[in-house]
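Engineer: Here is what each chain is made of, one letter per residue.
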Amino acid sequence: MENKVTYKRLLLYLMIIGILFLYLFPLLWQLSTSLKESDEVFSGYNLIPKKVTWSNYKIAWSQFNVKKYLVNTIFVSGLIMVGTIICCSMAGYAFGQLKFPGRDFLFFLYLGTMMVPGAVTLIPSYYIILRLNMANSFAGLVLPFFFGSAFGTFLLRQFYMTLPKDLYEAATIDGAGSFQIWLKVMFPLSKPAVATLGVMTLVQHWNSLLWPLVITQSPSLKVLAVGLSDFRLFRNIQWNSLMAAVMIAILPMLIILFFAQKFFVKGIQFSGVNR
Amino acid sequence: MEKTIVPMASTYKPKSSPKKRRQWLTGYLMILPNFLGFFIFMLAPIIATVGLGFTEWDLVNNPQWIGLANYKNLFGDRIFWLSFRKTIWFTLLNVPIQSFLALLIAVLLNRKLKALNLFRTLFIIPWICMSVAVGLTWTWLFNTQFGYINHVLTSLGMERIGWLTSDKLALYAVIFVNVWQYLGWHIILLLAGLQIVPQELYEAATVDGANNWMKFWKITIPMISPIFFYDLVVNMIMTLQIFDLPFAMTNGGPGNATRVFNLYLYQKGFSFLQMGEACSMGVILFGLIMVATFFVFKFLGSRVNYEM
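Taken in order, these protein sequences are the chains called G and U. Using my numbering, read the first sequence as starting at 20 and increasing by one per residue. Using my numbering, read the second sequence as starting at 181 and increasing by one per residue.
Just chain G, with the same shape it has in the complex (with noise of 0.2 angstroms):
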């Protein structure tokens, strides 16, 4: 008997790890291109390079630009981060621990907008920020976000809801008004649902391609997804390059799963059990 149930776990794990290993390979793949030297990169199919070489992450570090798109990408969505932050938990508390005349029109209508899709939006918005003089500039990439999203005011709602009452009350009665309950005492406490927030936030941005790509021409203003768009339609590609520009584009957002992937699983779950 025990021995037939180690069994079938030992095959349940060999049967995930093999489901796994196929999921993962396109991007083992890439690991692998990025470190190949261009011969073998049209000549072998073998997993494991035979050479390893650092060069393709020189080349595209600096002939690619790369390097530039990285420090753009980090400032743009670092900024929308901390702006959502602070924006959303602020609307958060106010909707979820605060009463006041219109209140619960207001958050129907933050939710009543969640279904509308991003095409909608996108050229009054673009007007906007043409017509801001921003179009072209860091600004204009951050402006529209920065100020935090329906799906974060309602996430740190949700949150806000769930302290005590008696919390608030408490606080009260030593003298505080709403706005310092917030910053002192509420705020401190909702640290795992902020970096649910942030974390979602971050990656949302870190990979969005269709606002800068409508609102930056200049080389320098490009941010990574559509720095790398940019080699879509180009002939005779690098490829091993290109992978190594793929690779760095992509590996700040895998440490951060790696150290918050709680708060990553939490940000997915919280839409569908929050019902």
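These are computed hints drawn from the structure, not numbers from a lab. Only a predicted model underlies this, so the values are computations on that prediction, with no experimental measurement involved. Any given hint could turn out to be false.
Claimed, not checked - Ranges of calculated distance between the beta carbons of each label pair, as one might list FRET restraints:
| hint | chain 1 | residue 1 | chain 2 | residue 2 | range |
| --- | --- | --- | --- | --- | --- |
| 1 | U | W245 | G | P183 | 39 to 45 angstroms |
| 2 | U | G435 | G | F40 | 31 to 37 angstroms |
| 3 | G | L208 | U | W393 | 42 to 48 angstroms |
| 4 | G | A189 | U | F475 | 25 to 31 angstroms |
| 5 | G | G137 | U | N253 | 19 to 25 angstroms |
Every residue, glycine too, gets a C-beta built ideally from N, C-alpha and C.
We have chain G already, so just place chain U on it with the hints.
Structural biologist: Just chain U, lined up with the frame of chain G:
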């Protein structure tokens, strides 16, 4: 989405005192930055798009009111219908395949596994990668001459296939990559649904002599039907808006083989500067999403088991 119940904070009772008033003011001030962004870049653009859909506008001159002419033009436009059909076809293939595959793997993972966290992390890796990046990686794998996939085919004695250069296959290749990229996201969501199914139900069924297959159909499926249904709806809404992958892998080509709705909208607006028509396409896409969601709720929603 009438089934989505959002727990509301206790309803506001009108009674004003200086203390209450101060709370009102703080409330308004604290939502102000968020609401400003929401108003300027969400609410106002939604309304503006509907209006601009009735105009001819090249971004330089003032919009000219032309009534329904944009819609008439689009409905007579061969490529509009082509992109419409491609998008529907993309969604019809992607959503069921992706969600069912995700369910199968989620069921496989739904056990007490020591390495579950690691497995979950590994499964969401493709989701976390930017579509442009994995699009390029798959372009390399699909490469006709040197790609790994054709290498496997030739070593099995088959012919090379021009996956992304054939107008018959390109769309399916992009759909395949899309299924691959977001599979992990759906696995995590469905796994969360499976983990809240009470274990006692399975134990009771085991006592009654049910086998695994019966347990799957009689317990697992009904118990996770609400979350599975939700997953299908979200998946559908997201897939109808597909843009990044076809843009990165084929840019709509070869010919118009992968020109999905949003690609054509982008082209209308930012290559041809026909902003009015692009706005009416946005309205049509929103309408399509609403109609599709309505039908899914009507035909599938009634089969969902909401009793726990």
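Engineer: Indicate, hint by hint, whether the structure satisfies it.
Structural biologist: For each hint, the structure was consulted:
For U:W245 and G:P183, the Cβ-Cβ distance of about 56 angstroms falls outside the hinted range of 39 to 45 angstroms, so the restraint is violated. At roughly 36 angstroms, the beta-carbon separation of U:G435 and G:F40 lies within the given 31 to 37 angstroms, and the hint holds. Separation of G:L208 from U:W393 is about 46 angstroms and conforms to the stated range, judged on CB atoms against 42 to 48 angstroms. At about 50 angstroms, the beta-carbon gap between G:A189 and U:F475 misses the expected band of 25 to 31 angstroms.
Taken as a hint, the range 19 to 25 angstroms holds for the pair G:G137 and U:N253, whose Cβ atoms sit roughly 23 angstroms apart.
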